[in-house]
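A.B. asks: The listed protein sequences correspond, in order, to chains A and B. Okay, so the first sequence: first residue is 1 according to our numbering, each after it adds one. Okay, so the second sequence: first residue is 1001 according to our numbering, each after it adds one.
I should point out that these hints are in silico values taken from the structure, not numbers from a laboratory. Note that the coordinates shown come from a computational prediction; the quantities given were computed from them, not determined experimentally. There could be a bad hint or two in this list.
As the list claims (entries may be wrong) - Derived Cβ-Cβ restraints for the label pairs, each shown as a range: (1) A1031(B) / S208(A): 11 to 21 angstroms; (2) D1126(B) / T104(A): 40 to 50 angstroms; (3) L235(A) / V1180(B): 18 to 28 angstroms.
To be verified - Part of the chain B face toward chain A, derived, beta carbon under 8 angstroms: (4) A1022; (5) V1109; (6) G1166; (7) E1171; (8) H1173; (9) K1218; (10) V1224; (11) P1229.
Glycine included, C-beta positions come from ideal geometry on N, C-alpha and C.
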Amino acid sequence: MKRTTALAALAAPALLALSAAPANAHDIDNATVELMAPLEELNDSGGSGEAWAKVTGNEVWIKVEVQGLLDSSPHAQHIHLGGAGECPDPAMEGSGFEGAIRTTDAIDSYGEVRVSLTGNDADTSEAAALDVANFPADGTYTYERTFEVPDDVAEGLHHGDGVVVIHGVDHNGSGEYDGEQMSDLDNSLPSEATDPALCGAFQETQMSAPGGGVQTGGGSTSGMENTGLIAGGALLVAAGAGAFALNQRRRTDS
Amino acid sequence: MSTEQPGQGRRGAILTALAVLAVVVGVVVLAVGIGTQRPDPPSPPAATSAAEPTESSAAGPDDEGSSTMDAAEGSSTTDAAEGSSTTDAPEAGPTSTASEQQESPGPEVAALAPSEPVEVRLPSIDVTSPLHPLGLADDGTLQVPSGDRYHEAAWYDGSPTPGEIGPTVIEGHVTGAGGVESVFFELGALRPGDTAEVDREDGRTVTYEVYRVDQFPKDAFPTVDVYGPTDVPELRLITCGGEFDEQEQSHVDNTVVYARMIEG
């Protein structure tokens, strides 16, 4: 009883602060916030990548590009919220294989799973956090999807608090998820399958980023201007060689 | 048949001589043709891609050796905490950023209030070009200079103005129709330590120092790396490079020069 009042007392100012913040900030319904995060390696996963998202109201468009993780194996990927909005120090001593960081070890840094970045139109809520069949199944991939998120998730993303985490690390180099330790998220899976491999804390961009490369070349510098000369030369060489060969044959024939 | 042999022999000799002459002339013409070809635009050496990542720029604009893991980690954690403050208030950025950094370097360059760019100069490759603003095309890609201004560099008007916090984006063509050299033909020859100057409408000039030159396949363009948030005023110079794909009629790569403000 005493404890609940104490909690309520603590919670009240916090709630006030929360409800005041959006009023001062932008109107979430109409505003688009653009977010980016380079994905940094955790647990010596050998991977790299980047995440880019645009959030308008409750609609999220996200593109994740990943290279160099364990091939032919699913990589669960999520947006975490509610922690410090940052990635753990990769050198952090975790509870996993030879001190590896397990997902729950760094929960204070990135918070809980709030969005599951699944494909195949599958559920994107935290309930699908381990929907292995609908996550990218290779070590190098590009993932792109647009979906809706609940209000509190949208608000967190608009405030730039989201952290993208990609899971799945082959600690022992066996080429698949195995090992004696089971996952801290699901004890039917090896810990390797759910240990974090890449992490990136979203930051609001300073521009609306252009898509893809830039078409700043009008023509080739290889071959255009001397096409005639080269073709003529080649033709002469070919004709000469042909005539020579033909002549030789005629001489030997006769 | 056999009576004609002498004549055929003479004709054969003449034919052989003609054939040899044709080959010799052909080889000479080929050699001239290939020899006077314009070369491909310069590319950065592969090694420069090992330079520090964009995020570590927070560790110190003046500290060339800041590409250590510690510097990168330190900045990425502070990044997350102050992400919104730097974007919402560019002018206030540098001071607040500096105070929150554990290892801010000595004299930090102060960011400037917005003012559009009017001219870019790259002294080490003898480039001077007026600048005009360009936006995004309907498909979300960056528009490129065209018409009368084809051979002028352009500023992406969705990116910060020079001297504001964030990456200012300036692009230019590498070549024009028929392969003629365009304004950024030599861009790939820039090297870390070279400078870039951008004049602003308000009369100020922002000077940047190149810290990385890289080349990426267009179909694997590192959007976050190039256009992602930075903690100090930076510059991205972009053009095309690499092999020319005759079928697509475009170069397969983009050359990107990364620089950060050292004076303004």
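A.B. asks: Of the hints stated earlier, which fail here?
C.D. replies: Failing hints, ascending: 1, 2 and 5.
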